[in-house]
Amino acid sequence: MNAKFKKNFKTGLRLAGAVALTILFLFPIYWLFMISFKTADEIYAYPPVWWPESLQFSNYAVLFKDGDAATVGNSLIVAGTSTVFAMLLGTTCAYSIVRFKTGGNHLANWIISQRMIPPIAIVFPVFILYVWFGLVDTYFGLILLYTAFNLPYVIWMMRGYILDIPISLEHAALVDGYTRWQVLWKVIFPMCRAGLFATAIFTFVFAWNDFIFALVLTRTEVATYTVQVTHYFGGQSNFWGKISAMSVLGTLPIFFIVAFMQKYLVRGISLGAVKG
Amino acid sequence: MPADDVTMLKKLSLPKIRKLGFKYQLIAPSIIILLIIGLFPLVYTLVVSFQGITMMDNDTSFHGIKNYVAIADDTRFWGALFHTVMFTVIALPIELFLGLFMAQLFIEKLPGRQIFIALLVLPVVVAPIVSGATWSLLLDNRFGPINQIINWFMGEELTLLWTINPTLVYPAIFLAEVWQWTPFMFLLLLAALSAVDKAQLEAAAIDGASYWMIFTKITLPSIWPVMAVAILIRGLDLFRLFDIVWALTKGGPGTMTETISTFTYVKGFQQFETSYTGAVALLIIIILSFVVIGALRKVELSR
Numbered sequence: 006m007n008a009k010f011k012k013n014f015k016t017g018l019r020l021a022g023a024v025a026l027t028i029l030f031l032f033p034i035y036w037l038f039m040i041s042f043k044t045a046d047e048i049y050a051y052p053p054v055w056w057p058e059s060l061q062f063s064n065y066a067v068l069f070k071d072g073d074a075a076t077v078g079n080s081l082i083v084a085g086t087s088t089v090f091a092m093l094l095g096t097t098c099a100y101s102i103v104r105f106k107t108g109g110n111h112l113a114n115w116i117i118s119q120r121m122i123p124p125i126a127i128v129f130p131v132f133i134l135y136v137w138f139g140l141v142d143t144y145f146g147l148i149l150l151y152t153a154f155n156l157p158y159v160i161w162m163m164r165g166y167i168l169d170i171p172i173s174l175e176h177a178a179l180v181d182g183y184t185r186w187q188v189l190w191k192v193i194f195p196m197c198r199a200g201l202f203a204t205a206i207f208t209f210v211f212a213w214n215d216f217i218f219a220l221v222l223t224r225t226e227v228a229t230y231t232v233q234v235t236h237y238f239g240g241q242s243n244f245w246g247k248i249s250a251m252s253v254l255g256t257l258p259i260f261f262i263v264a265f266m267q268k269y270l271v272r273g274i275s276l277g278a279v280k281g
Numbered sequence: 003m004p005a006d007d008v009t010m011l012k013k014l015s016l017p018k019i020r021k022l023g024f025k026y027q028l029i030a031p032s033i034i035i036l037l038i039i040g041l042f043p044l045v046y047t048l049v050v051s052f053q054g055i056t057m058m059d060n061d062t063s064f065h066g067i068k069n070y071v072a073i074a075d076d077t078r079f080w081g082a083l084f085h086t087v088m089f090t091v092i093a094l095p096i097e098l099f100l101g102l103f104m105a106q107l108f109i110e111k112l113p114g115r116q117i118f119i120a121l122l123v124l125p126v127v128v129a130p131i132v133s134g135a136t137w138s139l140l141l142d143n144r145f146g147p148i149n150q151i152i153n154w155f156m157g158e159e160l161t162l163l164w165t166i167n168p169t170l171v172y173p174a175i176f177l178a179e180v181w182q183w184t185p186f187m188f189l190l191l192l193a194a195l196s197a198v199d200k201a202q203l204e205a206a207a208i209d210g211a212s213y214w215m216i217f218t219k220i221t222l223p224s225i226w227p228v229m230a231v232a233i234l235i236r237g238l239d240l241f242r243l244f245d246i247v248w249a250l251t252k253g254g255p256g257t258m259t260e261t262i263s264t265f266t267y268v269k270g271f272q273q274f275e276t277s278y279t280g281a282v283a284l285l286i287i288i289i290l291s292f293v294v295i296g297a298l299r300k301v302e303l304s305r
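Residue numbers (my numbering), protein chains in the order written: chain A, 6 to 281; chain B, 3 to 305.
Warning: the hint list may mix true and false statements.
What the hints assert, rightly or not - Result set (SDA-like, lysine to any residue): computed pairs, CA atoms no more than 25 Å apart in a straight line: (1) Lys252(B) <-> Gln272(B); (2) Lys111(B) <-> Gly210(B); (3) Lys252(B) <-> Tyr49(A); (4) Lys252(B) <-> Ala8(A); (5) Lys268(A) <-> Ile233(B); (6) Lys219(B) <-> Gln106(B); (7) Lys12(A) <-> Gly22(A); (8) Lys191(A) <-> Tyr26(B).
Please keep in mind that the hints were generated in silico from the structure rather than gathered at the bench. The model shown is predicted, which means the values in this text are computed figures rather than measured ones.
Let the hints inform the model, and build the full structure from the sequences given.
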């Protein structure tokens with residue numbers, strides 16, 4: 006009885022700690038979302054208001070009226086297209102590295118090290134290159150850069166997933182008269198569906214959340230939502246209603262995506278180090 | 003790859019099946035793109051860094067190592083490097099220990115455990131620039147809740163200028179950084195802790211080993227491979243810190259919180275010191291390449 010009480014007490018304490026931590030970590034997100042529903046009077050009230058009087062969407066309405074919300078569309082086009090390219094090219098490359106040991110460990114290590122160079126050092130020369138070829142502020146330019154930036158991640162992750170596929174399946178398919186390309190398309194791709202899906206999601210999120218590439222390589226035409234958010238920071242005053250509403254428009258889709266793929270989260274963000 | 007797979011592979015590579023060049027066809031598109039975006043600009047940066055291009059002067063004549071000498075004398079560059087290292091060596095242990103503490107809290111059964119975990123990881127997927135913006139809202143001296151809460155506890159009217167006051171800018175950036183990335187550590191360490199052999203832990207406890215003994219002798223060696231990867235990923239991320247600083251202070255006040263990334267951005271895209279920035283970018287790439295190559299040798303990343 007005593008031992009049981011002690012155990013329950015301990016669980017209760019841990020539960021209280023868990024609740025406290027969760028509130029602490031979610032409070033900033035709550036504040037961001039909540040501000041987007043406030044009126045200007047409530048946003049600039051002193052002391053700050055913790056709960057808006059009513060849910061009102063005028064901060065969002067302004068974004069749609071002025072066309073600023075289109076930057077979310079730009080993020081979608083750029084992140085979506087580059088994800089498809091990176092997945093197709095990266096997976097075939099990963100297959101070659103796994104099955105034929107193409108380039109050996111050196112190639113694999115070179116590829117992953119490409120991912121680890123600070124983006125600012127990559128984007129500076131790329132910017133100059135793009136000025137020459139007129140690719141600044143174009144979809145193509147941004148898609149190309151995101152594809153290149155995400156390729157190492159895709160290759161690295163898909164390498165892990167393809168390693169998990171038993172080679173006997175490929176053998177059987179070859180015996181059945183499949184060509185090499187058919188094996189890739191009809192055996193490998195379907196077999197690592199889950200891995201493809203999980204990797205694609207992360208690839209998408211990286212491009213979606215990127216700021217520095219888009220800051221340097223866009224002006225007005227293809228500005229993404231992360232760049233747009235920073236446009237509302239003024240020298241003297243910040244447009245908080247717009248900052249928060251724009252941020253929520255960009256963040257909400259990500260939250261939905263993550264909610265549906267909890268089980269892939271650990272492997273995805275640990276570069277495959279934790280199989281989870 | 004297990005040994006039997008290798009023998010299977012050899013069988014597969016019979017002359018009939020092997021088609022020379024197939025493996026190169028597979029990797030060619032990826033490698034070409036990586037070279038266009040990775041290697042070509044690198045070579046170009048090298049060339050530019052030996053020239054004298056600025057906003058006023060498109061001087062492409064050979065200037066030797068002038069720009070590199072200038073970097074050596076540039077206190078602003080060394081300041082930025084120092085801040086970057088400081089952000090990394092302070093934020094990283096905080097995130098690691100907080101993450102480990104949180105992971106310990108959730109390792110055993112707890113009602114609603116999955117929901118807690120799902121909620122706690124949300125900061126990780128918020129765009130860093132958005133989390134910077136969020137914290138600038140939270141830390142606003144007048145309309146933000148942080149000062150309000152501090153005033154409740156202090157019982158007096160304080161106006162803390164978080165993004166302007168030199169003694170408060172660092173805590174402000176650390177707050178945002180630690181808030182966003184502690185859950186990353188938490189998630190990885192939780193996964194690592196779950197994989198520790200329970201029987202071994204129980205046996206040690208029965209033998210009378212202390213909690214500390216068990217942690218250092220059994221738990222730590224077991225979670226170390228994952229912990230090393232987590233430290234590597236976060237360490238490299240912190241070294242490229244840009245978004246949060248940009249949203250909160252833009253490197254200010256003055257150049258107090260400038261990082262390598264914000265410094266390079268200002269030099270290259272606001273002051274248009276093209277050749278000088280080229281030299282800086284190249285230097286960063288070289289330093290980081292050594293760090294990464296060294297780290298990859300130590301760390302087992304998805305073998």
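Consistency of the hints with the structure:
1. Lys252(B) <-> Gln272(B): holds, 12 Å
2. Lys111(B) <-> Gly210(B): holds, 24 Å
3. Lys252(B) <-> Tyr49(A): holds, 23 Å
4. Lys252(B) <-> Ala8(A): violated, 56 Å
5. Lys268(A) <-> Ile233(B): holds, 22 Å
6. Lys219(B) <-> Gln106(B): holds, 16 Å
7. Lys12(A) <-> Gly22(A): holds, 15 Å
8. Lys191(A) <-> Tyr26(B): Distance ~20 Å between Lys191(A) and Tyr26(B) Cα, so the pair holds.
When held up to the earlier numbered hints, the structure conflicts with hint 4 and nothing else.
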